[in-house]
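2 protein chains.
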Amino acid sequence: MAKQKKPQRPKAQTPKGFRDYFGAEVAQRTDMLRTIAGVYHRYGFEALESAAVETVEALGKFLPDVDRPNEGVFAWQEEDENDNGDWLALRYDLTAPLARVFAQHRNDLPTPYRRFAMGPVWRNEKPGPGRFRQFYQCDADTVGSGNVAADAEICAMLADTLEAVGIDRGDYVVRINNRKVLNGVLEAVLAANTPNPNEPPVAYDDLGEWQANILRTIDKFDKVGEAGVRELLGKGRLDASGAYIDGVGLSDVEAEPVIAFLTSKGDDTTSTLANLEKAVGSSEIGLKGVAELQQMADLLAAGGYGPDRIVIDPSVVRGLGYYTGPVFEAELTFEIKDEKGRPRSFGSVAGGGRYDDLVKRFTGQEVPATGVSIGVDRLLAALHMKGRLSTDTTGPVVVTVMDRDRMADYQGIVSELRNAGIRAEVYLGNPKSFGNQLKYADQRNSPIAIIQGGDELAAGTLQVKDLILGAKLAETASQEEWSERPQQFEIPRADLVNRIKALLDEQSQ
Amino acid sequence: MAKQKKPQRPKAQTPKGFRDYFGAEVAQRTDMLRTIAGVYHRYGFEALESAAVETVEALGKFLPDVDRPNEGVFAWQEEDENDNGDWLALRYDLTAPLARVFAQHRNDLPTPYRRFAMGPVWRNEKPGPGRFRQFYQCDADTVGSGNVAADAEICAMLADTLEAVGIDRGDYVVRINNRKVLNGVLEAVLAANTPNPNEPPVAYDDLGEWQANILRTIDKFDKVGEAGVRELLGKGRLDASGAYIDGVGLSDVEAEPVIAFLTSKGDDTTSTLANLEKAVGSSEIGLKGVAELQQMADLLAAGGYGPDRIVIDPSVVRGLGYYTGPVFEAELTFEIKDEKGRPRSFGSVAGGGRYDDLVKRFTGQEVPATGVSIGVDRLLAALHMKGRLSTDTTGPVVVTVMDRDRMADYQGIVSELRNAGIRAEVYLGNPKSFGNQLKYADQRNSPIAIIQGGDELAAGTLQVKDLILGAKLAETASQEEWSERPQQFEIPRADLVNRIKALLDEQSQ
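In order, the protein sequences belong to chains A and B.
If you read the first sequence in this note's numbering, its first letter stands for residue 1, the second for the next number, and so on.
If you read the second sequence in this note's numbering, its first letter stands for residue 1, the second for the next number, and so on.
Worth flagging that the hints you see were computed from the coordinates, not collected in a lab.
Check the hints yourself; a few may be wrong.
[Unchecked claim] Result set (DMTMM-like, lysine to aspartate or glutamate): computed pairs, CA atoms no more than 20 Å apart in a straight line:
#1 A:Lys126 to B:Asp86
#2 A:Lys465 to A:Asp409
#3 B:Lys16 to A:Asp80
#4 A:Lys11 to B:Asp357
#5 B:Lys265 to B:Glu226
#6 A:Lys126 to B:Glu79
Pulled out of the complex, with its shape left as it was, chain A reads as follows:
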């Protein structure tokens, strides 16, 4: 027979940007999802779970007629005789599927439709340290309500949720802004440019390319400050590296609404809103945005959500293009160390806002909607850093195997413990080496090992080894303590459940 070519072995590797979660990590996330679902449910939202897979057409943003349209998403084409199958993709968020679900089932759903959803989403992006291509989101949305009370409620719920999962009041803030205010500022810029001030300002939809330039400049406010923004809005600016950055080309008068907007944050809501009102001038959409912020602030104040939890903050400019009204994000304000050991605040863990056009893509009818998305994995990371995750990693009670012909006896011990609600297992590896069995119990973080050899069997007893005490003593004990508190002792077989229960209680104190 010809010598067969040795087959190449597959690599045991997660694909780039994906990872495995073990034990406590899984339990912690499950707990967090349950807690969040509890708050969302109490607020009146109903669960929805859609599939991970959508048509690229329904997800939007991507063109099905491109050969390989998976920019940003994981996509593939369905098999089909004519090579004409649908393009499918993994969902990249939970909002696009919601729009599809509402459009598809709208005749059977109540309006407003209030749903929450939780689960993984996928992004086909370059992975980096701490940046994964699959991560969990946890969303709640109200579809079919144009009332800003819906937005205010979501902000209040976001604050409640953060506290419910263990973020203390004072360690987070929910910041609110409104896209209409920003649009009003852009209109005010245009109005300042109008030769005849009696002409109505050009509508926001007609605004040109320079709008994008102004928005980009606004985003740089944190870095370059007021003077820098003035330069960038005007003729341009020499940056720190010596390079000259071209400006937007606005006159001082035209730039004024932008500057007023950027410096509008006052000592309290009243002064912030007054400043914003000035910034938008006579822009109708801008004034509507300010009025909506006022309404939200009033509703939240009435509900007891003061500026220690929720504030109006004009610096919130969320990335996604589809927001049309209120936008909000939750930031954790406590300090962590960055890669270089410098303190910085943890940053955003949730965001959302009003999007009135997403369902319209499908139905042609405008359906107002608002919602929030919590980045569960980031929130878990934050709680982990603060040491606020319950990390019960206690393993099972391990019954060792002294005589491999007596597996039925050992399983019997384990069954009794399990029936009493105690986590337990028989050692199922090769029982030849007793040392390996104890090493296994150690690796599993077992609190107790149970041993029954021939002598104990004859005497009707069990040896109980307190592995928690053993570990403590090994670290700290004097010889005296060591002998005073035995790590291993004998109990009657008949007392198994009571004695093990008592020892576990003692250990957990």
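Put chain B on the given structure of chain A with help from the hints.
Showing chain B alone in chain A's frame:
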């Protein structure tokens, strides 16, 4: 300006074979997963969550050098300058990822590694009625133990799990078989064919094409019975439609081990095992399989798992090629009606077995492993049919909006209720029509509506509408009852929480 072409609207449709799950359906699955995880955890298994996406190479079964290797899986190629990116795919089960995880992390994991995993898996198959391309599995496996005690434990856990989720004892049975017995039967067939009975039987690995034919025939036993199988193993058979089915071509003597195997089920475990022993003749692997079944039966009997829950059943021939020893499946035995209204038993909801070669693909070292997979969606469907799912579909208390300028007041009512743990919301749709508000409460299955107009505000009261009583009275009440038990009554605003709590308690009785 040229008239723009009207853009085509995307279809609001789930891709073929996928579906959305709403409200109670999601909650029921979440509850079931939690219950199953509780049992698995008590048995000593640790949670593991791997990503939905694996390399096709790691999943196995599929060739990365084929242009589009997504037969049975959803697969796509990673972007790469040289069009040489990895092929990735959605996992089609939770076992293949486990083998990859164990091979990848084996130096950090305890051995045996006992893990449970739950989540969706994806199959690129033709969808059908009730057949979806995304569904949930819930697995537990012990990797690194060759002891049949590990298999027996999984069977016991499977029985416990089914009872924990609400399947009564007597409504299910866990059936056990062993692949080695089947292989022994094939060896016995070959031995019967050996001209010189003193020659050792050919090893199982050398068995030819006819082995597959025999297995296919064994699978037909349920349909064609003993006589039919005899014909199919021999010269062939005229089937009901009049077509002639070619036989495997065995002599009567050669067919005998197969017939003995198929008719081996006795009145109790002892007689079944004795029959199986006869069927495998002198086949070493066959006798090993029978001995393993005997050990499992002994361990299970010692643990109190009698044949009312777990039985040896030679008819279990599970499809997957990778099983190497014990195989088992859980069947629900109660009757349901099929599409044509005929009674049939519900069938299999879980299955598993021992697979000793899966990790070897990666590492070259044989790692014995055994595990079970529960089809959560099928189990939910079964419980649904039996009416055993808790279907708490109660909606939130709905506070109606009588005066749209008083949203803050209404939100205040809702906040008080929520803070007391009561599910509640303000109506956020257009409040113009009070009828629409009550219709919404009805669609949400709300137990109570709360109404506060100007009169109630002035009087410091609220109107409370008992929607559950209202629905009941509308169905059954005489005029007398109708007037005796008012569906709507007034309460002091200050008594809000106590009175609503009391009413909810009353309703749930």
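To see whether the hints hold, each was checked on the structure:
no.: 1; hint: A:Lys126 to B:Asp86; verdict: 14 Å, holds
no.: 2; hint: A:Lys465 to A:Asp409; verdict: 18 Å, holds
no.: 3; hint: B:Lys16 to A:Asp80; verdict: 13 Å, holds
no.: 4; hint: A:Lys11 to B:Asp357; verdict: 16 Å, holds
no.: 5; hint: B:Lys265 to B:Glu226; verdict: 13 Å, holds
no.: 6; hint: A:Lys126 to B:Glu79; verdict: 11 Å, holds
In this structure, none of the earlier numbered hints is contradicted; all agree with it.
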